[in-house]
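Colleague: Letter by letter, the chains look like this.
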Amino acid sequence: AQSVTQLGSHVSVSEGALVLLRCNYSSSVPPYLFWYVQYPNQGLQLLLKYTSAATLVKGINGFEAEFKKSETSFHLTKPSAHMSDAAEYFCAVSAGGSNYKLTFGKGTLLTVNP
Amino acid sequence: DGGITQSPKYLFRKEGQNVTLSCEQNLNHDAMYWYRQDPGQGLRLIYYSQIVNDFQKGDIAEGYSVSREKKESFPLTVTSAQKNPTAFYLCASKAGGPYEQYFGPGTRLTVT
Numbered sequence: 001a002q003s004v005t006q007l008g009s010h011v012s013v014s015e016g017a018l019v020l021l022r023c024n025y026s027s028s029v030p031p032y033l034f035w036y037v038q039y040p041n042q043g044l045q046l047l048l049k050y051t052s053a054a055t056l057v058k059g060i061n062g063f064e065a066e067f068k069k070s071e072t073s074f075h076l077t078k079p080s081a082h083m084s085d086a087a088e089y090f091c092a093v094s095a096g097g098s099n100y101k102l103t104f105g106k107g108t109l110l111t112v113n114p
Numbered sequence: 001d002g003g004i005t006q007s008p009k010y011l012f013r014k015e016g017q018n019v020t021l022s023c024e025q026n027l028n029h030d031a032m033y034w035y036r037q038d039p040g041q042g043l044r045l046i047y048y049s050q051i052v053n054d055f056q057k058g059d060i061a062e063g064y065s066v067s068r069e070k071k072e073s074f075p076l077t078v079t080s081a082q083k084n085p086t087a088f089y090l091c092a093s094k095a096g097g098p099y100e101q102y103f104g105p106g107t108r109l110t111v112t
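Line order of the protein sequences matches chains A and B. Using this note's numbering, the first residue of the first sequence is number 1, and each one after it goes up by one. Using this note's numbering, the first residue of the second sequence is number 1, and each one after it goes up by one.
One chain only, chain B, in its complex shape (with noise of 0.2 Å):
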């Protein structure tokens, strides 16, 4: 089946780590996006990748990075940079052209 998977499902990590939250997707799909949401903030885009080795910045994007080198995978790292990254993270991807996106089943990253 089609899809994009995201792991782990949880993640706990101590202050001060870096963590990179994996995103994979055999849709075919040329875009691939990433949210953060927090209760009662809707989804916040952090970065988006519209081809392999190119990215952009979101509206959020300090203090996380990412990285394109194939189609399939579009890994996010949280940084110690990051303020608050406690948060639950979404992973999406779009054919081209004005189309819906798909979303993965997300990862609900904690830090203490």
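With the rest of the complex left out, here is chain A (with noise of 0.2 Å):
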């Protein structure tokens, strides 16, 4: 069995600072992991992902995230939160078998100040 852990439902920054969301997982199989970015009524778009090459991966819109298996974790990172960032995001994780179904958390919503 699969899940995901979205710690914090809610993350509020302001513009400029950092941007922390957390994510852990648990896979009883080396797992596939996926960050994803949802604007209000849209659907979801990939930001990154991770399938078993380097332990940092980097996105678009300048993020990053790094696989740390020690830790089961996924944190989402960006050095300087933008506006435009402000969004819900979705950690997910597949662990593999014959169909590679994805395991959704339950979300972040992040909020830029300004």
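Because the hints were derived from the structure by calculation, they are not lab data. Idealized CB from N, CA, C, for every residue including glycine. Hints may be right or wrong, so weigh each one.
[As the list claims (entries may be wrong)] Restraint ranges, calculated between C-beta atoms of paired labels, are given here: (1) A95/B to S26/A: 24 to 32 Å; (2) I60/A to K57/B: 32 to 40 Å; (3) P8/B to Q45/A: 19 to 27 Å; (4) S80/B to L7/A: 35 to 43 Å; (5) T79/B to K69/A: 38 to 46 Å; (6) T72/A to Q17/B: 38 to 46 Å; (7) K58/A to T20/B: 37 to 45 Å; (8) R108/B to K69/A: 37 to 45 Å; (9) Q45/A to K57/B: 21 to 29 Å.
The task is to assemble the complex, starting from two chains supplied on their own in separate frames and drawing on the hints.
Modeller: Here it is as structure tokens:
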């Protein structure tokens, strides 16, 4: 079985501040991990993914995430928040198998204050 | 441009009526998925299909039905048996293997 826990349903930062969104996963096999972003009333867009290559993954819009096996974590960071980063962020895990189903966390809503 | 289309964007129905949500993809992906999204609950898997003419129940399949007669299309029917159908519905597709899912823009269904 696989699961994802996103710590903090709502994170608020000031423009220009560090963004840190936390994700911990549970998986019985080496996982594939993903971060998605969702703007209001839209679908999900892939930010970045970890598929067992480099543990530090760079994505779009200046975001990156680091896979830490010992901590079962895949936290998302961005050095300097921009107003356009305000959205909901979802972490997801796929533990392989015949269909590579994704299990999503409940999401973290990021608010960026001017 | 390749992508996933969902129609309509907004859908209103009366209680007791069945309604079908459309999902079409031109990415040549084998796998397709339907999710339901409610505030604060993330995405929950309703049904998925890995190949034409085959599909499996997800975590919350009760009150829903699907078909997969063509590779490009994976319509979802919300039946009158679904007790709380008002939600945002997302369709996704994926190439075979450990790859990311691509999402459509979603359909917001309101049942009154």
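Colleague: For each hint, tell me whether it holds in the structure or not.
Modeller: How the hints compare with the structure:
{"no.": "1", "hint": "A95/B to S26/A: 24 to 32 Å", "in the structure": "holds (26 Å)"}
{"no.": "2", "hint": "I60/A to K57/B: 32 to 40 Å", "in the structure": "holds (33 Å)"}
{"no.": "3", "hint": "P8/B to Q45/A: 19 to 27 Å", "in the structure": "holds (21 Å)"}
{"no.": "4", "hint": "S80/B to L7/A: 35 to 43 Å", "in the structure": "holds (39 Å)"}
{"no.": "5", "hint": "T79/B to K69/A: 38 to 46 Å", "in the structure": "holds (43 Å)"}
{"no.": "6", "hint": "T72/A to Q17/B: 38 to 46 Å", "in the structure": "holds (45 Å)"}
{"no.": "7", "hint": "K58/A to T20/B: 37 to 45 Å", "in the structure": "holds (40 Å)"}
{"no.": "8", "hint": "R108/B to K69/A: 37 to 45 Å", "in the structure": "holds (39 Å)"}
{"no.": "9", "hint": "Q45/A to K57/B: 21 to 29 Å", "in the structure": "holds (27 Å)"}
When each numbered hint is compared with the structure, no violation occurs for any of them.
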